[in-house]
Every structure is written in structure tokens, then in C-alpha cells.
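Participant: Next come the chains, spelled out residue by residue.
Number of protein chains: 2
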Amino acid sequence: MSKPKVFEKPLGVKDYLPEAVTKLRNIEYRVLACMERWGYNQILTPTLEYYDTVGVASSTEDKKLFKLLDRKGQTLVLRSELTAPIARVASSLLKEHAFPLRLSYHSNVFRAIEEEAGRDSEFYQTGVELIGDASSEADAEVVALAIASLQAAGVGTFKIALGHVGFLNGLFQETLEGRSDAQLSLKEHLLGRDYVGYREAIKSLALTSEVERELIGVLRLRGGDEICEQARMVSQHPIAQDAIRHLCEVWDVLQAYGVSEHVVIDLTMIGDFSYYTGMTFEGYAADLGFPVCSGGRYDNLLSQFGRPAPATGFALKTNRILEVTGGEAVATPKRVLIAYDAEHREEALQLAKAKRSSEETAVVITQLVSEPEAWTKARSAKTDGSYEVCSIVYQEVITLLAQ
Amino acid sequence: MSKPKVFEKPLGVKDYLPEAVTKLRNIEYRVLACMERWGYNQILTPTLEYYDTVGVASSTEDKKLFKLLDRKGQTLVLRSELTAPIARVASSLLKEHAFPLRLSYHSNVFRAIEEEAGRDSEFYQTGVELIGDASSEADAEVVALAIASLQAAGVGTFKIALGHVGFLNGLFQETLEGRSDAQLSLKEHLLGRDYVGYREAIKSLALTSEVERELIGVLRLRGGDEICEQARMVSQHPIAQDAIRHLCEVWDVLQAYGVSEHVVIDLTMIGDFSYYTGMTFEGYAADLGFPVCSGGRYDNLLSQFGRPAPATGFALKTNRILEVTGGEAVATPKRVLIAYDAEHREEALQLAKAKRSSEETAVVITQLVSEPEAWTKARSAKTDGSYEVCSIVYQEVITLLAQ
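So the sequence lines, in the order shown, correspond to chains A and B. Residue 127 in the working numbering sits at position 127 of the first sequence, with consecutive numbering throughout. Residue 265 in the working numbering sits at position 265 of the second sequence, with consecutive numbering throughout.
Excised from the complex, chain A in its bound form (with noise of 0.2 Å):
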């Protein structure tokens, strides 16, 4: 095998020079403090988590957890989201702090990937879990949050999907009793959005003309508040009927927040079915074809670590709100460079502390630096103003020479 080029990175990760992180370190600090202001507060986890309970309780498809092997032996894993991680953290370090708890992170998680996915196997994730609470005040909280954290981020245009894996799972064990491969086959039409697959497979099912319109009529299941009076016309199904009142419900919190506008209610939703147990959601930004955040209820994880509690929280997709804000300006403090020769050292020194006292960016530069081109680019630059580095240019140049 080939040693890698010395430039060269592992697969799928990457490097953010200045410009990129006064972005996103912006938006990072702004929905921080969105949600602390909701009462959220931020907790640190360790990147690495043992395999065997976090990584196994993660949401994260097995062959997508990077594994490495600890001293003893032991399998360990980058963590890959932090649900899990804080479920754990609820569990026991503040396992004597009562419900609720609002807790809040910023992290880098991570996918092993297939070198052709061009996708990335490091990204930061900003997000929040609300533990203990199992009402649709709670659910509708971390939505409207959600809507709040993707306004703090900068981001102008959303649109956030709102369904119920109870809809389905009542529907569906209605319509296709002990069918379970046909089950899991729809789910996963309708969770790669391939609509035209989930009406292929429903003909393939052999079914009645009624349990086929009524399967084929999921998909026009989206909308606003006249989609939950439908949805409750379709399953008389009791996981169903609850799925649906529960999720009228968060509507309805949703419209005293004030902030229903920003959603639909989309029945053909599921999240990740294997992981959320109730509401799930799905923040969409304009002309973006995949989600900025995702969240939903998942009241069968604290189990797993020995503090049974109903939870539900969200992530932003940090690093693809960069992306569409991506030309949104940042304002920066003025740049001032400095540019001395020995005589005026401590003058020019003394200037620079002054400057940056007031909050202004000051670059000291000498004559007696070893890079002549920087030098003279420094001295030109009092007339042509040029002097930058990585792209920052400076908008006033001092320079304190004896000639």
C-alpha cells in the first residue's frame, strides 16, 4: 500500500480556514446561546465511548460506527451523535438531579464511510435533549426551539416537517397484520422519500382497492391542521388514533408559540423508525436538498441505561446551515498592522497594546522580520492597502520608521 501524499487527509473530513470559522463558530455561538436562553444548559462528552453501551445504543447504523480497540482490548467507538452519550450522562452523573432536564451540546461526531458517498466522516452537530417529560408541551417545545435555533443561526427560509411514527406503525399493523417484511419495505420506501417505490411495492402486495387507496392516501397526508381531522379518518387503529391526538396536540402548542407557520404536518415522515418512538421532525432550508436538523421522541433509550424517562430532543446539522448562509457577512473588529523598525520597537508595541484594549485587531510587523516579502508588502501597503492574510485585509497600516 501507498503512503498517503503529505497534504493529504483521511476520507471525508476536513479543514475549515478562517474565514469558514468565524461562520461557523457564529453560528455555533449564537444557537448556544438561543438555547441557553430556553434554559437549555451545554454539557461536554468524551469523543471516544465504549462500543458495547453507547455505541450499541446509538441511533447509528452498526457499519457506520468507527471502531478502534483500547489497550485492554475493549472496542471503542467515535461517538457518532450525542443522544446516547447524554442519555448515559442523565443516567448516572446526574442521576440525582430531578426531571426534567434541558441539556444542551456543540460537538464533532463521526460516520465510517464508503469511499464512493463523498460525504462527510466528520461534522459538528449543535442540538438539545429534553429528558423526563413525555407531554406534547414537551415535544412542541424542542420543535419550536428547533425553529428558534435555525432563526438564531442566520437561516431565513425553513420549513419544518412534523410526523408520528405511531401513524404508521397503527396503519400499517392494521392494513398489513403480520406482514412485517412488507412493513419494514414500505417504511424504508417512504423513509428514503421514494414515493414512487412505496406505491410500487403497495401494488405488489396484493391487497384490497380500499387498503391500497387507504396506503397510497398516506402520501398526500401533508398540510397543515385539516391533515390531523384526515389522518384521524384513515386508521381506526389505536396506536394510530393516539398518534394522531398527540400530535394535534403539538400543533396546537405550536400555534400558541406562535410559530406554526414554519411547519407542516407530514404523515409520511418516520425519522429513523428504529430510534424514535413518537413525534419526529425535519427542519428543510430553502433550495437545500436535505434536512438542517432532525429531532424526535425517543422514550425507550434511558432504559438502556438504567433510568428509565421518555425524552425528546433535536441536532442542527451544523456544518450544512454553514452552507446555506454560507454568504451571509460577519461583522469583524477593525484591523489595524503595525509596522516598526528597532528604534520605535516600544512605541509601536505600546500602540498595538492600546489598540487591542479597545476591542481593534492589531499586527506588529518589523523591518528586522526574516521574510523581506513581507516586509515590503507591509510597507506598500500603507498606500495600496494589501496587507492580508488567509483573505482578512487590514483596514489601517501604521508605520513607525526612523526614514
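A couple of the hints might just be wrong.
[Claimed, not checked] The calculated label-pair distances, taken between Cβ atoms and stated as ranges, are:
1) B:Y195 x A:E347: 39 to 45 Å
2) A:D272 x B:R30: 37 to 43 Å
3) B:E346 x A:V393: 47 to 53 Å
4) B:V56 x A:E347: 42 to 48 Å
5) B:E61 x A:E61: 31 to 37 Å
6) B:R30 x A:K67: 33 to 39 Å
7) A:L205 x B:K64: 57 to 63 Å
8) B:R245 x A:E347: 21 to 27 Å
9) A:E347 x B:K63: 47 to 53 Å
[What the hints assert, rightly or not] Sample of chain B residues with no beta-carbon within 12 Å of chain A, all distances over it, derived:
10) G154
11) G156
12) E188
13) L190
14) T208
15) R213
16) Q236
17) P238
18) N300
19) T399
Everything labelled a hint here was simulated from the structure, so no lab data went into it. Each residue gets a CB set at the ideal place from its N, CA and C atoms; glycine is no exception.
On the provided structure of chain A, position chain B as indicated by the hints.
Facilitator: Relative to the frame of chain A, chain B by itself:
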């Protein structure tokens, strides 16, 4: 091998609860803002790097690198420091940008540790690299910035020990010519600050009493600028003389910055001598036995990435600073708890919105919540103000209830 218990974490990693995160991130924000005012722009590099490039080039001992295999069988490492990754970026993505480059970072780094060591295998560093400037002004700039960064981080009392690898290299080449094992042994005693071992090693070398006196005399070369004069007398070797001349220039510039009161020259302090090529320094906070920052000049690293250039920099050990400044209170916004029943939902949610808009923290809690304990607690909080999550207490409780 027994499975880990559900609440267990891998060896040497930590969870940070909200109170610690607030303090850690405050240090991070303040230090990065300070570095920005000095013209250092933040970059982010990936957690995973190739072993053959960044892994080998890093200053970390091979056995302390966390290694894993990618799908093609290539060895990856979890980054152990940021200097080598930044050298890679300076030589690739930033290769069209003129020197000097001023770059900053805040990042977690990883070290594989032995079970008995009780050390962290993941911790945080906040640092800078100044690339493309060989001058003593550049070395002084990073030392002065380290001082400003420690002050920004809230470290009240500290000392920077300033040394130079060239002094001992020259002295040992002069006095122990050709005896590289003896030179290495003496350096390792000094690196471990084992002065007794250093003296004993000298005694065992069968040197003339004059040379013996000279080598033992090194241990007294710690103090202010008077050390420069004394050191010049110790060795006539050109490498040692150059080192002392450079160090004294750095000292002069630090005086012009007005920060030399925080600095002691310590010629026994050589840092990681296999990696640094010139000035080295370490910062010590009062009452703490280990350094809170370390840095130095590394002029041979960039050439390994195909863009030869002198460079200097430092990293704060951010977690240790958290330990030093642990007691410092962090200002938090006012926290309000709003308890409501179904009838007052809209009023409560709109009130919360208004509070959040004016930078207060507002948490809503409803009678409908599934945790009666939390509800009772919220109700009683009105009188005893005791509603708290993760040690965060609400300063105001507003109840909006029909009864």
C-alpha cells in the same frame, strides 16, 4: 473479557457538566478573542489524520498516539496536538498565502495512556502558530501573547520560564564532544527536572573538575536578564553563543512589551528537545506543579510538509487552566421559571418569548407534564426559590394558573 457497565466511560476521558462547561467555554472564548486581537485567525482541522504524515511529524511519542485503521487499511491517528496539522494546512490549502501566517485554534487532543497513569487521554488546547518569521521579535510576540492569553483566561499569578535548546546543545557539544549518550542522558534529567539525577550523571562521566563545575553551574542559570550575561561566559561554542544572543533579544522585546516581570530565563528548561529548534517556554501558575502552557520555536517541521519555513507558537493547556481558575464565578443571565396550566398556555409561552428576547433565560413548565415531582417542585419554587437543574437556580418563578 467482561463488558463495560452501562455508565462507564473509556479510560482517561471525562464528562463536563454545565457548570464546568460554562467556565471552560468562557476561558475558550476570552482567549480566542484575545488571540484574534493580536491578528491570529482561527482554523479547524480534522480529528483524524494519517499516521504517516501528521502522526509521524507530531511531537508526541509514538506509543502515545491513538491509532486506528481506515477501510483501505491505512493507519489513522486521533490528533495529539495541533502544530503538525497546522503545518500541513500552511503547506497545502494556505500555500498561496504569503508568510508570516498567524493562526489560532481551540481543540481537543488525544493521548493513549497507561491504565495506572491516571492522566487524561482527551483534553483541550488553545494555541497559536506564527509561521514564516525567524526573528526574535516573533518569538517575543508569542511569549507576550501567551502572557496576554493567560491573563484573558483569568490566571492571576503565573511565571513564564524561557529557555533555548541551542544553549545546552552548544555547551554539551563543547564539553561532551562525541559522547552523544551522555548528552542525551543529561538532557533527559533536565527535561524531567531531575536535578539530583543530573548532578549524579555528571559525577559519573569522569570529567575534569573545570568541566564538571561548568555543567553543574547550568543549574544556577535561572533568573532575570543578568542570566544572559552569565550564560555568555559559560560556553564559547558558537551554537551556545547564538542561542544566548537570540534569547537576550527576545528578553529585550519582552521588556518593550512591558511584560518581562512575568518571565524568568531558565537555561535548564529545554522543552521537548527533539522537536523544538530554538527558544522554548513553559508557563507555571501559582500552586500548580505542572505547566499551564508550553511553546517554542520549531524551524524544521514545515519542511516535512514541503514548504520549509521557520515557525514559533504555543498552546495553553485549557483544562488545567480550568482547574486553576475553577473558583471564578461566571456571570449568568437572569433565569425565570414560568409555570402554567392549559388555560394560560399562550400567555405563558408569549411571556417566555419576551423574556428570551431581552436576553433572560426562561423555562416553561406545565401542569400537564408527566413528572408530578417536577410540577410540585415548580409550584413550591414560588415560595422557596429552590427549582434547580444541574446546580442552576431560577431567580424568579411566575405561575400562571386558573386556581
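Participant: It remains to establish, for every hint, whether it holds in the given structure.
Facilitator: Checked hints:
Checked against the hint of 39 to 45 Å, the C-beta distance between B:Y195 and A:E347 comes to roughly 42 Å, which is consistent with it. Between A:D272 and B:R30 the C-beta distance comes to about 39 Å, which sits within the given range of 37 to 43 Å. A beta carbon spacing of about 50 Å between B:E346 and A:V393 agrees with the range 47 to 53 Å that was offered as a hint. Distance hint check for B:V56 and A:E347: the Cβ-Cβ separation is about 45 Å, which falls inside the suggested range of 42 to 48 Å.
Hint check: B:E61 to A:E61, Cβ distance near 35 Å, so the stated range 31 to 37 Å holds. For B:R30 and A:K67, the hinted distance range of 33 to 39 Å is satisfied, since their beta carbons lie about 37 Å from each other. Judged by the Cβ atoms, the range 57 to 63 Å given for A:L205 and B:K64 holds: they are separated by roughly 58 Å. For the pair B:R245 and A:E347, the supplied restraint of 21 to 27 Å holds, since their beta-carbon distance comes to about 24 Å.
Roughly 50 Å separates the CB atoms of A:E347 and B:K63, a value that falls within the hinted 47 to 53 Å. Residue-level check passed: B:G154 sits 17 Å from the nearest beta carbon of chain A, beyond 12 Å. Even its closest Cβ contact with chain A, about 19 Å, leaves B:G156 beyond 12 Å, as expected for a residue assigned away from the interface. Residue-level check passed: B:E188 sits 25 Å from the nearest beta carbon of chain A, beyond 12 Å.
Separation of B:L190 from chain A is adequate, the least Cβ-Cβ distance of about 29 Å exceeding the 12 Å criterion. Against the 12 Å criterion, B:T208 stays outside the reach of chain A, whose nearest CB is about 40 Å from its own CB. Every CB of chain A is more than 12 Å from the CB of B:R213 (nearest about 37 Å), matching its label as outside the interface. Interface exclusion of B:Q236 from chain A stands, the closest Cβ pair being 26 Å apart, more than 12 Å.
No beta-carbon of chain A comes within 12 Å of the beta-carbon of B:P238; the shortest separation is about 19 Å. Listed as a non-interface residue, B:N300 keeps its Cβ farther than 12 Å from every Cβ of chain A; the least gap is roughly 14 Å. Residue placement check: B:T399 keeps its beta carbon more than 12 Å from all beta carbons of chain A (closest about 16 Å).
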